[in-house]
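Trainee: In case you want the letters, here they are:
Protein chains: 2
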Amino acid sequence: MVFWKSLFSSSDATAASKTTPFEGDPVEGMGVNRTNSESRIFFSTERDIDLYELEELCDAVGWSRRPLRKVKKAMQYSFLVVSMWEVVGAKRRIIGFARATSDHAFNATIWDVVVHPDFQSQGLGKAMMKYMVKKLRSEDISNITLFADPHVVDFYGRLGFIADPEGIKGMFWYPD
Amino acid sequence: MVFWKSLFSSSDATAASKTTPFEGDPVEGMGVNRTNSESRIFFSTERDIDLYELEELCDAVGWSRRPLRKVKKAMQYSFLVVSMWEVVGAKRRIIGFARATSDHAFNATIWDVVVHPDFQSQGLGKAMMKYMVKKLRSEDISNITLFADPHVVDFYGRLGFIADPEGIKGMFWYPD
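Here the protein sequences line up with chains A and B, keeping their order.
All residue numbers for the first sequence refer to the working numbering, where the first residue is 1 and numbers rise by one.
All residue numbers for the second sequence refer to the working numbering, where the first residue is 1 and numbers rise by one.
Just chain A, same shape as in the assembly (with noise of 0.2 Å):
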């Protein structure tokens, strides 16, 4: 566990640690000057996230509600969970997420990316998704794939990832 100390100067870091565990790796170049000096962009894997946190990030972009219950139980098995966070002063806000289903050996498939509306278009969410990709590479994971909504095909594409490749065709069962 890194806490907050280890992202802060002494002085901050005293206060802070005493009350909030954080991993985090911070991203640079993003956020020092987003709104004051203190403004800092973090990523973390933790997975103990507040889930009502979690579902207001998903509220903000328009996504239907999910049972707490169903959510809690996706994190928990998730192979990998990637979460954004805006630091200020001492409190954090969560302005991204993804996460990963996987066998842990060959494939990986991402799903539920969120970057907060007030955070979007400012390279985050490409940083976020880069993160994502390199702790599922340093995880031995060959084949990392997603299932992406028209609009975000070529933020995708501009990322590595290739719609289609050899012809394969993603697929949705329904019922009959």
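Keep in mind that the hints were calculated from the coordinates and are not lab data.
Predicted model, so just to flag it, every value in this text is computed and none were measured.
Take these hints with a grain of salt, some might be off.
Pairs of lysine-lysine residues, derived as PhoX-like cross-links and limited to a Cα-Cα distance of at most 25 Å, are as follows [as the list claims (entries may be wrong)]:
id, chain 1, residue 1, chain 2, residue 2
1, B, LYS72, B, LYS135
2, A, LYS135, A, LYS72
3, B, LYS91, B, LYS126
4, A, LYS135, B, LYS70
5, B, LYS91, B, LYS72
6, B, LYS73, B, LYS135
7, A, LYS73, A, LYS135
8, A, LYS126, A, LYS91
9, B, LYS135, A, LYS72
10, A, LYS134, B, LYS72
11, B, LYS73, A, LYS135
12, A, LYS72, A, LYS91
13, B, LYS135, A, LYS73
14, B, LYS134, A, LYS73
15, A, LYS134, B, LYS70
16, B, LYS134, A, LYS72
17, B, LYS91, A, LYS134
18, B, LYS134, A, LYS70
Fit chain B to the given chain A structure using the hints.
Mentor: Below, chain B without anything else, positioned relative to chain A:
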């Protein structure tokens, strides 16, 4: 654990159940008269499959070999593993396989679907996939997905899978 005895008449069962524990669901109307009156086809969700037998099955359809260490891990961390067996007397042979990753809550993705060439074009692949979908649905998974090679898109289409619904694209990551 269900033993052979549940699958056969009492006399066969007594001998077989001493040697091989086997959890299987008989495939109605399949295999009964395939080679002779003793041949039966069964499905199983047991994941303790001999990896060399599985490799032989995958060899038969021309798949590239994969490290057995990773195959074992993938089986372990799959949400569902389905195998299909031909049983003649006390002998059984694996003739089909498929597995699914999942978050145990919303999504499942089906991988590595294979039917031995000797048993293709007889409705067995279709029966195996229906069995798989039924199992996933019984676990309250609502979103069942897969990535289909071009030559099997119609096969999955007949099972109720839709390619690119609402323009959603299956995408694969490749290094820049």
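Trainee: Each hint: holds or not?
Mentor: Tested hints:
1. LYS72(B) x LYS135(B): Distance of about 21 Å is within 25 Å: holds.
2. LYS135(A) x LYS72(A): holds (21 Å)
3. LYS91(B) x LYS126(B): Holds, at roughly 24 Å.
4. LYS135(A) x LYS70(B): holds (18 Å)
5. LYS91(B) x LYS72(B): Roughly 24 Å separates the two Cα atoms, so the pair holds.
6. LYS73(B) x LYS135(B): holds (21 Å)
7. LYS73(A) x LYS135(A): Since the Cα atoms of LYS73(A) and LYS135(A) sit roughly 21 Å apart, the hinted pair holds (cutoff 25 Å).
8. LYS126(A) x LYS91(A): Status holds; Cα separation ~24 Å.
9. LYS135(B) x LYS72(A): holds (22 Å)
10. LYS134(A) x LYS72(B): The hint holds at about 24 Å.
11. LYS73(B) x LYS135(A): Holds, at about 18 Å.
12. LYS72(A) x LYS91(A): Roughly 24 Å separates the two Cα atoms, so the pair holds.
13. LYS135(B) x LYS73(A): holds (18 Å)
14. LYS134(B) x LYS73(A): holds (21 Å)
15. LYS134(A) x LYS70(B): The hint holds at about 20 Å.
16. LYS134(B) x LYS72(A): Holds: LYS134(B) and LYS72(A) sit about 24 Å apart, inside 25 Å.
17. LYS91(B) x LYS134(A): Since the Cα atoms of LYS91(B) and LYS134(A) sit roughly 46 Å apart, the hinted pair is violated (cutoff 25 Å).
18. LYS134(B) x LYS70(A): holds (20 Å)
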